[in-house]
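Engineer: Chain A is already provided as a structure; the job is to place chains B and C on it using the hints.
Residue numbers (our numbering), protein chains in the order written: chain A, 1 to 129; chain B, 1001 to 1504; chain C, 2001 to 2452.
Hints are not guaranteed to be accurate.
Unchecked claim - Below, simulated BS3-like cross-link-like pairs (lysine-lysine); rule was C-alpha separation at most 25 Å, straight line:
#  : chain 1 : residue 1 : chain 2 : residue 2
1  : C       : LYS2306   : A       : LYS65
2  : C       : LYS2177   : C       : LYS2167
3  : C       : LYS2306   : C       : LYS2324
4  : B       : LYS1503   : B       : LYS1384
5  : C       : LYS2231   : B       : LYS1503
6  : C       : LYS2306   : B       : LYS1476
7  : B       : LYS1224   : B       : LYS1119
8  : C       : LYS2152   : C       : LYS2285
9  : B       : LYS1037   : C       : LYS2248
10 : B       : LYS1224   : B       : LYS1250
11 : C       : LYS2152   : C       : LYS2231
12 : B       : LYS1404   : A       : LYS65
13 : C       : LYS2167   : A       : LYS47
14 : C       : LYS2324   : A       : LYS47
15 : C       : LYS2248   : C       : LYS2177
16 : B       : LYS1473   : C       : LYS2152
17 : A       : LYS47     : A       : LYS18
18 : A       : LYS47     : A       : LYS124
19 : B       : LYS1407   : B       : LYS1384
20 : A       : LYS47     : C       : LYS2285
21 : C       : LYS2167   : C       : LYS2152
22 : A       : LYS65     : B       : LYS1250
23 : A       : LYS65     : C       : LYS2324
24 : A       : LYS65     : B       : LYS1476
25 : B       : LYS1059   : C       : LYS2306
26 : C       : LYS2324   : C       : LYS2177
27 : C       : LYS2152   : B       : LYS1037
28 : B       : LYS1407   : B       : LYS1300
29 : B       : LYS1503   : C       : LYS2285
30 : A       : LYS65     : B       : LYS1407
31 : B       : LYS1407   : B       : LYS1476
32 : B       : LYS1119   : B       : LYS1404
33 : C       : LYS2231   : A       : LYS47
These are calculated hints, taken from the structure and not from any lab test.
All values derive from a computational prediction rather than experimental measurement.
Here's the letter readout for the chains.
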Amino acid sequence: MSNIPADLKYVTSHEWIKLQADGTLLIGITDHAQGALGDLVFVDVPKVGRVLVAHEACAVVESVKAASDVYAPLAGEVIAVNEALAGAPELLNSDPYGAGWMWQLRPANPADIDTLLDAAGYAKVLETA
Amino acid sequence: MSEPLIFERSSPGRSAYAQRPAAAADFSAIPEALRRKTPPLMPEVSELQAVRHYTRLSKRNFSIDTHFYPLGSCTMKYNPRACNTLAMLPEFLARHPLAPMSHSQGFLACMYDLQEILKDVTGMAGVSLTPMAGAQGEFAGVAMIRAYHRARGDSARTEILVPDAAHGTNPATATMMGYTTREIPTNSEGDVDIEALRAAVGPHTAGIMLTNPSTLGVFERRIKQIAGIVHDAGGLLYYDGANLNAILGKVRPGDMGFDVIHMNLHKTFSTPHGGGGPGAGAVGVSQRMLPFMPIPIVGKATSPPPLAGEGQGGGASGEAASFRWLDERDLPQSIGRLSTFMGNAGVLIRAYIYARMLGRDGMQRVAEYATLNANYLMASLRDKGFDLAFPGRRASHEFIITLKRQKQQIELSATDVAKRLLDYGFHAPTVYFPLLVPECLLIEPTETEDKQTLDLFVDALVAIWAEARRDIKYVKGAPYTMPVRRLDDVRAARQLDIRYQPKP
Amino acid sequence: MPFIPHTETDVADMLSAIGAPSFDSLFDEIPAELRCGPLAHVPQRLTEMEVARLMHGRAHQDRHGLSFIGAGAYEHHIPAAVWEITTRGEFYSAYTPYQAEASQGTLQLLYEFQSMMTALTGMDVSNASMYDGASALAESVLMAERSHKAGKRRVVVPRTLHPLYRKVLFALIDAQKIDIVEIPHDASGRTDIGAIEALEAGSFTCLVIPQPNFFGAFEDVDALTNLARAKGAMVIAVVNPVSLALLKPPGEWGATGADIVCGDGQPLGAPLASGGPYFGFLTAKQELVRQMPGRIVGRTVDLDGKPGFTLTLQAREQHIRRSKATSNICTNQGLLVTAATIHMTLLGAEGLARVATASMHGTAELLKLLSDIPGVSRVFDNGGFHETAIVLPRAVAPVLEALAAEYGILGGFDLSADYPELGNALLLCVTETKTHADLRHYAEALAAVLAR
Chain A
1 MSNIPADLKY
11 VTSHEWIKLQ
21 ADGTLLIGIT
31 DHAQGALGDL
41 VFVDVPKVGR
51 VLVAHEACAV
61 VESVKAASDV
71 YAPLAGEVIA
81 VNEALAGAPE
91 LLNSDPYGAG
101 WMWQLRPANP
111 ADIDTLLDAA
121 GYAKVLETA
Chain B
1001 MSEPLIFERS
1011 SPGRSAYAQR
1021 PAAAADFSAI
1031 PEALRRKTPP
1041 LMPEVSELQA
1051 VRHYTRLSKR
1061 NFSIDTHFYP
1071 LGSCTMKYNP
1081 RACNTLAMLP
1091 EFLARHPLAP
1101 MSHSQGFLAC
1111 MYDLQEILKD
1121 VTGMAGVSLT
1131 PMAGAQGEFA
1141 GVAMIRAYHR
1151 ARGDSARTEI
1161 LVPDAAHGTN
1171 PATATMMGYT
1181 TREIPTNSEG
1191 DVDIEALRAA
1201 VGPHTAGIML
1211 TNPSTLGVFE
1221 RRIKQIAGIV
1231 HDAGGLLYYD
1241 GANLNAILGK
1251 VRPGDMGFDV
1261 IHMNLHKTFS
1271 TPHGGGGPGA
1281 GAVGVSQRML
1291 PFMPIPIVGK
1301 ATSPPPLAGE
1311 GQGGGASGEA
1321 ASFRWLDERD
1331 LPQSIGRLST
1341 FMGNAGVLIR
1351 AYIYARMLGR
1361 DGMQRVAEYA
1371 TLNANYLMAS
1381 LRDKGFDLAF
1391 PGRRASHEFI
1401 ITLKRQKQQI
1411 ELSATDVAKR
1421 LLDYGFHAPT
1431 VYFPLLVPEC
1441 LLIEPTETED
1451 KQTLDLFVDA
1461 LVAIWAEARR
1471 DIKYVKGAPY
1481 TMPVRRLDDV
1491 RAARQLDIRY
1501 QPKP
Chain C
2001 MPFIPHTETD
2011 VADMLSAIGA
2021 PSFDSLFDEI
2031 PAELRCGPLA
2041 HVPQRLTEME
2051 VARLMHGRAH
2061 QDRHGLSFIG
2071 AGAYEHHIPA
2081 AVWEITTRGE
2091 FYSAYTPYQA
2101 EASQGTLQLL
2111 YEFQSMMTAL
2121 TGMDVSNASM
2131 YDGASALAES
2141 VLMAERSHKA
2151 GKRRVVVPRT
2161 LHPLYRKVLF
2171 ALIDAQKIDI
2181 VEIPHDASGR
2191 TDIGAIEALE
2201 AGSFTCLVIP
2211 QPNFFGAFED
2221 VDALTNLARA
2231 KGAMVIAVVN
2241 PVSLALLKPP
2251 GEWGATGADI
2261 VCGDGQPLGA
2271 PLASGGPYFG
2281 FLTAKQELVR
2291 QMPGRIVGRT
2301 VDLDGKPGFT
2311 LTLQAREQHI
2321 RRSKATSNIC
2331 TNQGLLVTAA
2341 TIHMTLLGAE
2351 GLARVATASM
2361 HGTAELLKLL
2371 SDIPGVSRVF
2381 DNGGFHETAI
2391 VLPRAVAPVL
2401 EALAAEYGIL
2411 GGFDLSADYP
2421 ELGNALLLCV
2431 TETKTHADLR
2441 HYAEALAAVL
2451 AR
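In isolation and in its complexed conformation, chain A is listed as follows (with noise of 0.2 Å):
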């Protein structure tokens, strides 16, 4: 079984969102989706100031044999890449939900954060997939 935290938010589509304390989102995907991935070879993130529509595909993370989209969970403002994940994407297999984060957010409108899944909503999607 996958790893869930309590702690953090989540989206059908495989996107994690954790709520820091100034406000802004720490984004990052599921350790289901890195697990359904794979060893991840590639990881391209979103530039700083970037503002985003809420589910638009703004960044890409690959595999050996695979590619795939990550979208915005919140519409809002890239305020910070994960910088690291540049020369070492495997972080986002091992610490899915801390080394391997993605992007950090301002949301647009912070009354969103309350559209997403918890943890158990997002333990029932993974069971009905």
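Structural biologist: Just chains B and C now, with coordinates in the frame of chain A:
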């Protein structure tokens, strides 16, 4: 035993003296600012070293000439040697692509004949030989669809429909032509979901790209109905000729209602795959698409005698007819030129020679025996307990088995079987394509394999399954008898090493 | 039955194993109304002996001439070993090396090819080849557009680029909404730098620089490269690989070098053969590797830590990326690359430099001989590589016809259709394959035809 890189065989100052001009290089002829200052890092070896190195490398390959190669969707049949020998006659090799017509009539006669043969076997009104591979044929086909709609002033058609089982080139090509693609689902029998198709078509539909028999190895039975739905919506039908071998001389794409097709001559007409090319992706079109064909095309000034009459004498048609290239002056609405000259001419000559050796009846036999071999192999594997992806269907020239059950029960994957087959002396079938079928092996034996080879292949698959039940770890470690064992693809991508750099 | 091994017993056994009563029943899923009758226009089969006779006859009709045509396809000596080895069944009849363990020969050869092409062009990365030079240029332009996301989609192309390359480029990028700006040539037969200076900075994505250009002349590649940079554009070099043995590689052009280098590999071991198959090469700077189209081979290790070769970065390609792939290409010209790699190995850097030198000297010698003919002069007043343009005192086409018909000489490429501003201009090419006697024969024949 490994073979070092040619660079590692190199010694400064060594050379293959007989092959290079006797006079020394003269850099002073080049203006100082444009001159090369340091020589490129190239091997410095003797002729024997070069010959031995590349001969040794050749022995580290599987090929049709050495192994059964049942690679689905690739039609790895025997490439007759005469096609190569005759295509490499000195006059053919020496002909410059821009040579005057007075020095080109023999070559053009071959190309004209090939156009006529391909028109007949596909039921199309016109053929252009110029696309350099199947993917470029697809490009030409979709470009013609676009040109057709534009010529009618219809700019609303922005979408190409593609079945979800299609080759990746189909959606990639549609994108290159500025279209968006919409996938049409496949039903459980392997056919296009007609209701989904009906719901998808409309005034935005430029066309649909179909392979028939499909990549699932089954014939799309309701093709006329599909053609009707797409045509009624104002769209066009594109035939991906990847699987033409299955129906050669039996059913013609033109009769199925297709407007544009491409053929993979390196599959159906048995030109060599060459370790990944060159191919040849001739296109055929229906009457209304003729003005848009890619150039150049061979035209003739007078009627040659019928092809059948010249067989014994040789070269008769050239005397009676005068052939020339048709270009933009003849086809002002053409989608244009896809290669510097006329495409992969040498591949086309090989296809022509093959077509002449097959002849009228041989074309039909290709489809018959390719289908016989596929259905025999499918029945044999089913009888040995393998699961067919579409058990209720006839195989076309290829079929799919799925290892979903083996994967669940003993962790045996399609990759494991593919790699272990190499140890048994068989090239692996296509694995993990089409994407719809889990742990699939797409198997295409082709018509040129004998029954005994097919039986041995079945025995190998049975043996591997038994091995896996005894010791799955062992099978997962395969291959053991190849020049290398399973390679680390992840490292290849993460620590990119794509050129030789000498150690400092 | 040609190429079909089945005996009658085999067929009977196989049909019975399938449970099919007849051959015809194997096609019972195909609606009867779709089945076609006999193929009326396909002739009856020929035996190998008969088809050999036919093809020898056809080959004979392509009368051999003493050729001075270049224009993108060049006659060079190809060492005998090149095609002897290339047509070994193990290379000739192998498929794309998707099963790496069973394809180490092809894969290692492609790695060696990539190494040689990066060395020759002075770049970091190479793919395993494209279809031909013109299509490689179109893919290079698309690659530049992908990696240059901001700004106008506009490519600047000089008219000194091969006219057929320009036509192919237009056809292949037609649907991509990319503007093409053509730059005229100046009186010296080079790209008019002033016309590029006049373009606004940031108004175009990339500049295409041919070296040598279609007229055989050397472009001022340093100035052009620096100018493109100053305008915020990328540089695509289109080069003849043999010339690079003598010429500064594109990686060293200007202050920064070119970004992408492409061209036709035909001069490296591919016979003229009516225009193909040849191969295109494409090399680039390291940072563009993920934007490259086509196959790339990488070196890695196997389970035992032993070195081996495999296709890599496949997630760029159509079989994985589908509609988002960098290109729809799914072949390389593998067999031609096999020939080219063996060809380059046999010649080495020194051998290629000798071929380039001999070709250049021959061209200069012929130019000198022809300039002595009354009414014949060179079009541009500068030196060049192994091609040059001359102007005749009358229309070119009838002169070429007379040379071919009466002397068996294919006298060059008539420039008047593509470059009417040059008058009765003819592009001719000399490679190392021509002797002094050949050159004199041409000069005498041309003098005789023009004297009439």
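Engineer: Could you run down the list of hints and mark each one as holding or not?
Structural biologist: Against the structure, the hints:
1. LYS2306(C) with LYS65(A): holds (22 Å)
2. LYS2177(C) with LYS2167(C): Satisfied, since the Cα-Cα distance of roughly 16 Å is no more than 25 Å.
3. LYS2306(C) with LYS2324(C): Violated: LYS2306(C) and LYS2324(C) sit about 35 Å apart, past 25 Å.
4. LYS1503(B) with LYS1384(B): Distance of about 54 Å is beyond 25 Å: violated.
5. LYS2231(C) with LYS1503(B): violated (38 Å)
6. LYS2306(C) with LYS1476(B): holds (18 Å)
7. LYS1224(B) with LYS1119(B): The given pair, whose Cα atoms are some 20 Å apart, holds under the 25 Å limit.
8. LYS2152(C) with LYS2285(C): Distance of about 22 Å is within 25 Å: holds.
9. LYS1037(B) with LYS2248(C): holds (7 Å)
10. LYS1224(B) with LYS1250(B): holds (16 Å)
11. LYS2152(C) with LYS2231(C): holds (12 Å)
12. LYS1404(B) with LYS65(A): holds (19 Å)
13. LYS2167(C) with LYS47(A): Since the Cα atoms of LYS2167(C) and LYS47(A) sit roughly 37 Å apart, the hinted pair is violated (cutoff 25 Å).
14. LYS2324(C) with LYS47(A): holds (20 Å)
15. LYS2248(C) with LYS2177(C): violated (34 Å)
16. LYS1473(B) with LYS2152(C): Not OK: LYS1473(B) and LYS2152(C) at ~56 Å, beyond 25 Å, violated.
17. LYS47(A) with LYS18(A): With a Cα-Cα distance of about 19 Å, the restraint between LYS47(A) and LYS18(A) holds, given a limit of 25 Å.
18. LYS47(A) with LYS124(A): violated (33 Å)
19. LYS1407(B) with LYS1384(B): holds (17 Å)
20. LYS47(A) with LYS2285(C): holds (22 Å)
21. LYS2167(C) with LYS2152(C): holds (22 Å)
22. LYS65(A) with LYS1250(B): Violated - the C-alpha atoms of LYS1250(B) and LYS65(A) are around 37 Å apart, more than 25 Å.
23. LYS65(A) with LYS2324(C): Holds. LYS65(A) to LYS2324(C) sits at ~15 Å (cutoff 25 Å).
24. LYS65(A) with LYS1476(B): This hinted pair holds, its Cα atoms lying about 18 Å apart.
25. LYS1059(B) with LYS2306(C): Holds - the C-alpha atoms of LYS2306(C) and LYS1059(B) are around 18 Å apart, at most 25 Å.
26. LYS2324(C) with LYS2177(C): The hint holds at about 17 Å.
27. LYS2152(C) with LYS1037(B): violated (37 Å)
28. LYS1407(B) with LYS1300(B): violated (59 Å)
29. LYS1503(B) with LYS2285(C): At roughly 21 Å apart (the allowed maximum being 25 Å), LYS2285(C) and LYS1503(B) satisfy the hint.
30. LYS65(A) with LYS1407(B): Within the cut-off at roughly 18 Å; holds.
31. LYS1407(B) with LYS1476(B): Answer holds: LYS1407(B) to LYS1476(B) is near 12 Å, not above 25 Å.
32. LYS1119(B) with LYS1404(B): Given pair LYS1119(B), LYS1404(B) is violated - Cα atoms ~42 Å apart, limit 25 Å.
33. LYS2231(C) with LYS47(A): Given pair LYS2231(C), LYS47(A) holds - Cα atoms ~24 Å apart, limit 25 Å.
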